[in-house]
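2 protein chains.
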Amino acid sequence: MKRKYLMTPGPSPVPSLIREALAKEIMHHRTDEFIEILKETNEGLKYVFCTRSPVLTFASSGTGAMEAAVSNFFSAKDKVLVTVGGKFSERWAEIAKAFGLEVIEMKIEWADTPKAEDVKKMLETHKDIKGVLTTLCETSTATVFDVKGIATVTKDKNVLLVVDAISGLGQDALATDEWGVDIVVSGSQKGFMLPPGLAFISISEKAKNFLKNSTLPKYYFSINKALKAYEKNDTPFTPAVNLIVGLKESIDLIKKDGIENMWIRYKKMAEATRDAAEALGLKVYSKHPSSSVTAIVSPDGINSKDIVKKMRKDYGISIAAGQGEIEQKIFRIAHMGWINEQDLIMCFSILEKVLREIGYANFKVGASVAKLQEVFYA
Amino acid sequence: MKRKYLMTPGPSPVPSLIREALAKEIMHHRTDEFIEILKETNEGLKYVFCTRSPVLTFASSGTGAMEAAVSNFFSAKDKVLVTVGGKFSERWAEIAKAFGLEVIEMKIEWADTPKAEDVKKMLETHKDIKGVLTTLCETSTATVFDVKGIATVTKDKNVLLVVDAISGLGQDALATDEWGVDIVVSGSQKGFMLPPGLAFISISEKAKNFLKNSTLPKYYFSINKALKAYEKNDTPFTPAVNLIVGLKESIDLIKKDGIENMWIRYKKMAEATRDAAEALGLKVYSKHPSSSVTAIVSPDGINSKDIVKKMRKDYGISIAAGQGEIEQKIFRIAHMGWINEQDLIMCFSILEKVLREIGYANFKVGASVAKLQEVFYA
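For the protein sequence lines, the chains are A and B, in the order given. Numbering of the first sequence is given in our numbering, commencing with residue 1 and proceeding in unit increments. Numbering of the second sequence is given in our numbering, commencing with residue 1 and proceeding in unit increments.
Each pair may be met inside one copy or between any two copies, as identical chains are not told apart.
Below, computed lysine-lysine pairings styled on DSS-like, alpha-carbon distance capped at 30 Å:
hint, residue 1, residue 2
1, Lys225, Lys130
2, Lys148, Lys287
3, Lys225, Lys107
4, Lys39, Lys208
5, Lys310, Lys24
6, Lys309, Lys248
7, Lys310, Lys39
8, Lys24, Lys232
9, Lys87, Lys232
10, Lys305, Lys225
11, Lys232, Lys97
12, Lys206, Lys121
13, Lys148, Lys77
14, Lys87, Lys208
15, Lys313, Lys248
16, Lys77, Lys228
17, Lys24, Lys248
18, Lys4, Lys24
19, Lys24, Lys353
20, Lys232, Lys309
21, Lys79, Lys97
For the record, the hints were derived by calculation from the structure and aren't laboratory data. From a predicted model like this one, the values you see are computed outputs, not experimental measurements.
Okay, chain A solo, but in the shape it has when bound (with noise of 0.2 Å):
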């Protein structure tokens, strides 16, 4: 009889309107009905990555638009520079290195931004870097980095911004066109309330004049191959057909919020997550924390890990743990696309009760759900 509860940085919850989306009997692809379908989720798509241009979308996990990133846009011996500040930062560094880029990693402390004036200074000393690759909110770290300044930087120059926006996308402010982002990247399994399967990626003007230069090989992720496919409201090679229907609806309830007003509230979630820890003596991880996901630091002497195990063992909660090298030192709870306040009080309520039986109970029962209900009601 337990039930159970997903609050991870992804997969996140789907809720059962598009659940019930999903088991819908499969159409053709190549159907009026299905082409009406993908004509809505190519315009609703442009709403939610706050974009004029395309977004193209890919049968594949986040992963697979990253790579349609680096392989389309650059060339082998291509300089550009990667902000490293976490895993999934770390990736832009590992698939432009298997590409054959060469990537110059400005290094940042664990759950710090990446600083504005020091991408200035970078792209000053290197005249010759073709694109800066960064991250909106680095999930490992729960820390949204400052994609504002950075686009301050790039902008004017002939140099791509490529954010990767897979967890952070719906959550954490993201204005593309208006901030000047070229490539921005995201999957389905985060704000978009989906399964995972489904990659998206927007390409602005100044993006598409860097296609024609590239020369690295690609296939399934060609974008000139997808962009051809986009103007038809068609794709390259079959898609998705049964995440794309309920992409239509993910879409519709992501409209009906509005994004900007979405933004609003996952940071009021996201600030009220912090003072609940807080309100057990807990420190939040992230010096910059993201709207999508807070970092918890464990008690001293308790392992995060064994926290988490407890959570999803006994009570059917999922959060998660760290990753790399602070994998045992914190642990995250996500507040991102389904996930709401009432879901916040349900896991703070657990949480105080799973820290007391781990042998940390240096805070008042009901303390952090008191500091939620206040934030959120009061």
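Guided by the hints, dock chain B onto chain A, whose structure is given.
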């Protein structure tokens, strides 16, 4: 009130049992529960692919696994032989060229199969050929290629035999290990009775030896990364969770029937379909017809696209026209996955009606349906 029937060679219908599995609440992919499912699907895929070697699962459409077969086992300038006799075997040549391989196209008449002795001659002429890229069911011409014969030629050479079995697997016999096929690629939306979004690739011991020599760039489709994760029943990137939950159901269904029984059943369905077409005075297009799909030549003076359009628009039945140069010459009826004998009877009963309406009436009402009944139930 119009009901819809999907008789196209992919996507093919998804049974409600599987659609219900797709609609389940999403689970986290790093839980014991999901790892257990992945373990089962990994084992089950070996059964379906008739191999003891690993079969990897990617979140992508089938073309992604075709790309993986090229970019992981070969290098730029490597010579490969491609047996080209339709739109999907052409894709092999396209991908290999996109990755800078030297492609020898062995062109065969559309509707025909490549001959093993011709492949043998090519391998004798070009001693440096490293791979033969061929196709099990060439969907565009509804032709089954002689994979078994070609395997006898490549088996004892240091040449990889790579087979696109995206549409053929499950219907057209493919005894991977027994015949000596090195790499088999497939997708979820045909014989597996799932929506599109998963790709599969099997890797023989011989193929594994080719992995370390490949210098082409890859990341998302890296077989090395995927194999490393596979050993722990994990995936390098977020898997398409709900499709894999569906895959478990699909494999259970396939196991219940038995893969070899399925080959017999679909073969009979294909024969019956050809007999039914001939009972209407129509010609079968392929010289080596597949068990997965049948291509029927449109009556003189009738554009096959008109038949397809009328079937869909007036009667809700989706069949497929041709592709490429034979687009308007043939129409194709699939018998794969969940499509069964009764579906064919239903389909032909309407096809007779549509042919009459469109001006071809050179048959007795019921001729094709009676023929199907005879073959299936007499």
